[in-house]
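The residues making up each chain are set out below.
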Amino acid sequence: MKGPLDYLARWPLRLWLAMVGAFLYLPLLALVVFSFNDSRRITVWRGFSLRWYAELFDDGELVAAFGNSLVIAAASTIISLILGTLAALLLWRFRFAGKAPLEALLGLPIVVPEICLGVAFLVFFTAIVPWPTELPWPLNLGAIIIAHATFSFSFVALVVRARLASFDGALAEAARDLGAGEWLIFRDIMVPHMVPGLVAGALLAFTLSLDDFVITFFTSGPDTITFPIKVYSMVRFSVTPAVNAASTLLILLTAGLTALALWLQGADIAKQAA
Amino acid sequence: MTKGQPIIRFEGVTKRYGKVVAVDAVDLEVREGEFFALLGPSGCGKTTLLRMLAGFEVPSEGRILIDGQDVTNVPPNKRPVNMVFQNYAVFPHMSVADNVGYGLKVDGVGGAERARRVEEALALVKLDGLGSRRPDQLSGGQRQRVALARALVKRPRVLLLDEPLSALDAKLREAMRTELCQLQAQVGITFVMVTHDQDEALALADRCAVMNRGLLQQVASPSDLYEFPASRFVADFIGSVNMLEGALVVDEPDHAEVAVAGIDLPVFLDHGVTGAAGTTLWLALRPEKIELHKWAPAPPALGDAPQGRNAVAGTITHVAYLGSESLYEVTLPDGQKLKALRSNLTRWDQEDFALGEQVWLAWHACSPAVLLS
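Chains as they are written, first to last, in my numbering: chain V, 1 to 274; chain A, 1 to 373.
Take the hints with a grain of salt, since some may be wrong.
Said to hold, decoys possible - Quick list of simulated restraints, FRET-style, between CB atoms:
(1) 15(V) - 169(A): 50 to 58 angstroms
(2) 266(V) - 199(A): 38 to 46 angstroms
(3) 95(V) - 276(A): 51 to 59 angstroms
(4) 137(A) - 167(V): 18 to 26 angstroms
As the list claims (entries may be wrong) - Partner residues aside, some chain A positions facing chain V, computed with beta carbon under 7 angstroms:
(5) 76
(6) 82
(7) 93
(8) 106
(9) 107
To be verified - Short, incomplete list of chain V residues facing chain A, as computed with Cβ under 10 angstroms:
(10) 170
(11) 172
(12) 176
(13) 178
(14) 179
None of these hints come from the bench; they were simulated from the model.
Ideal placement from N, C-alpha and C gives every residue a C-beta, glycine not left out.
For reference, chain A alone in the conformation it holds in the complex:
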């Protein structure tokens, strides 16, 4: 899904705290109207990047542009962005309506106009009629709605969300995900969210930036991040993965073969890799893309790997039963362990694929993602 023009641009933004480089030469564009997620493990620099966008931190190097305007040194109270804080930071001594109206009051928006817009914002987050409540009479979910309304009522160009769902319990988080998506579609404002939760990022965002140790690793749509990761870090951070290290042995325009220790015949890929023979590379194979068979797999479909390729025998050494599916750990003869995820298609699957069973693993020629770094 492609959305409009760039609205935010980071140009070579670096942030240092003493000798620690929190954000390292980040170039990044966020487009008008999109839901953008900054994703990464804790300490990767994503929050620092968001706080620089809000104005709470000033970059050591580089520029930040919003709507083409250089805002690098503009203080937070003069920027066309508003933020939803991690713990919501709802003002405890003000009523819900006063919280939501605070930004307008500071801007000098008068009584009747202010009351109308506060009412609108509260309706937007489904808190109509709760304007006179005190924050300590609200649940965590309601406080978050207050924080959302308080930021949205100022009609910012960009709404910043710092780990918006992390303080909610699991059920509520699920519901709020859907609501955040709907809210964003409804108001049409660009959302930039920071999260360490990959599921959250994949479910909510139009595009994600994955960061690690201050460096931008990859910027892509959720499905591209998952299916076409750019590096081992991204493949490993997003979802679960079997990482096979191998050497390139055959490289043709229409197929390639990779020798992997512990698998008898080279792994067959349905596309070229354009690398020198012998190059070390990694195959990222998602557990759900590995099929589990009780016998050696039948001849493959047309266009797939030749007979006997992309298949390996092993023993089930662990089963995690997850209800709708099961996660199997299969140990190969050389001791290597592979994870395979399988839907529980019948009610008797647990007996067919039990602990200690000898099984075959197989995958399509297009399934492994080839990684060079």
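Looking at chain V on its own, in the form it has when it is part of the complex:
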């Protein structure tokens, strides 16, 4: 008997699979490999070296940009985690007029093209509510943090909402029956149930913020450069393997966090299936 996966045993399909994989990942592989190249020229291999990584850490501006990125990611994650969780709870728990439009609006930052959001923030932060740029670090990053929280909170809300859908209302009733009030039910029963969703949502928000370019490009100023923006400007001046090294670090970080988020959700699903 042939199952759908048995077709993978045929060589044309295997070849096709290999070509898709190569098409997707060879460029990334080349980038990673050449970040270890002992040459100024980006296209000629001259041997293994870590000098570009060393150079990266000597570049004060790049390190500062990386620091900015981490602070922005952390702050926007915290904000979007709180807002997203509250929005998810609101939509899960209550029925009210305008709930359906609100749910649709919640997904809007995900589907609206980033460039539009970027321009919108540019207009917003220059014409309507100018964010004072002369504030001391890290307060001067406020505009970027707000912009990042605005789109990543939608992701958090969706993930937490999905998690809440599997909550068994009888558990809350049981806690109530045993004497718990609303707050204790929330703290002792709801939050433990939401944890996988919260963690996955937070990792998602962190990753999205860390590697966001378009929206950040429109909201950053000369003193508020983030890591992706800095890499972009390095490319404009000169394409050195240092750019490869910086990109490799970014890939490593985001891939790692995404894998962690997926693993947490997968463990959660496996637990529910068991």
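With chain V held as given, fit chain A onto it using these hints.
Coordinates of chain A only, in the frame set by chain V:
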């Protein structure tokens, strides 16, 4: 078996959801220390009644009293009742001991005292030593014990059980029945159970309330429900029954006769009915109360129906062999079908009462239950 004073009282309790009346003007008393069952088909309002007792639903009309205190508007977390939920609702992220101790923790019962009472409660439901297990390491039966211990550890005035045995497999259900009975006797707490399973209610409860479409049909002990049903609904819902519609023809203080279509002579009853001649009524005749004979029955014992009464000939048209007994379907000449249950007294009974055999059915003058509605 009569037990103490009323502990729960429903006074004219009605619950409406929009236009649907889930519970309709129920007056009901549950006595201290008894095992009480709310029985009825799904959608009859029994679960709504239980949830109102727990506090999860508020009556649209009427009052609920526990220990003489009006609790109609008291929230669930402030009532002296605890509940065992249908799917147990064991907290998946807490150990067994934390589950059982949760109610005490909420009440502010401190560490050592709490640990002691949790230990006690676990011993009560025979889960000693499993306190550190996680719920996903437990079987369905064990999870139910956790739910029981978790509710009992708070020493409620009343324990509520929502379909407690429905999620267990048949063998385990049987064993848990006995255990629930013993547990109730041991702790002496009033149990109120909701079930759609009549066997469960009859086997466990001291008294049962039968509900249908939001209305209370009858409140009685299991044997009274079975032998003296108050209406056709109750007679039909509890156990199996042959329902004969007839007209009253003779009504004396010491006997009555009812003409039933398809039976030649009127059915003879050994008690008066106190109704006008010609009144339509129903005779509920349980299958096990109908005797099966190969020949016309012999003259009856003293005080029973006169010769030739309460007997009818028919043909066996179906046999369900159940091992210890057999259920026969006998078709009368007019096409009416009666069910008769007969113990398989010898190993050859199956050959004597086979499909297609001509047989006689007979019953005692005291066997049919007379129903006016």
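Hint check results:
About 52 angstroms separates the C-beta atoms of residue 15(V) and residue 169(A), a value consistent with the hinted range of 50 to 58 angstroms. Here the CB-CB span from residue 266(V) to residue 199(A) is close to 44 angstroms, well matched to the stated 38 to 46 angstroms. For the pair residue 95(V) and residue 276(A), the beta carbons lie near 56 angstroms from each other, so the given range of 51 to 59 angstroms is met. Evaluation of the 18 to 26 angstroms hint for residue 137(A) and residue 167(V) yields a pass: the beta carbon distance comes to about 22 angstroms.
About 5 angstroms separates the beta-carbon of residue 76(A) from the nearest beta-carbon of chain V, less than 7 angstroms, and the hint is met. This hint holds: residue 82(A) has a C-beta 6 angstroms from the nearest C-beta of chain V, less than the 7 angstroms allowed. With its C-beta approaching chain V no nearer than about 4 angstroms, residue 93(A) sits inside the 7 angstroms limit, and its interface hint holds. Annotation: residue 106(A) was flagged as interfacial toward chain V, and the flag holds, the nearest CB pair being 4 angstroms apart, inside 7 angstroms.
The interface hint given for residue 107(A) holds, since its Cβ lies 6 angstroms from the closest Cβ of chain V, which is under the 7 angstroms cut-off. Taken as an interface hint, residue 170(V) checks out: its beta carbon lies about 4 angstroms from the nearest beta carbon of chain A, inside 10 angstroms. Evaluation of the residue 172(V) hint against chain A yields a held restraint, the C-beta minimum of about 9 angstroms falling below 10 angstroms. The criterion of a C-beta within 10 angstroms of any C-beta in chain A is met by residue 176(V), whose closest approach is roughly 5 angstroms, and the hint holds.
Checking residue 178(V) against chain A by beta carbon gives a least distance of about 4 angstroms; that is within 10 angstroms, so the hint holds. With its C-beta approaching chain A no nearer than about 4 angstroms, residue 179(V) sits inside the 10 angstroms limit, and its interface hint holds.
Against the hints set out earlier in the document, no violation occurs for any number.
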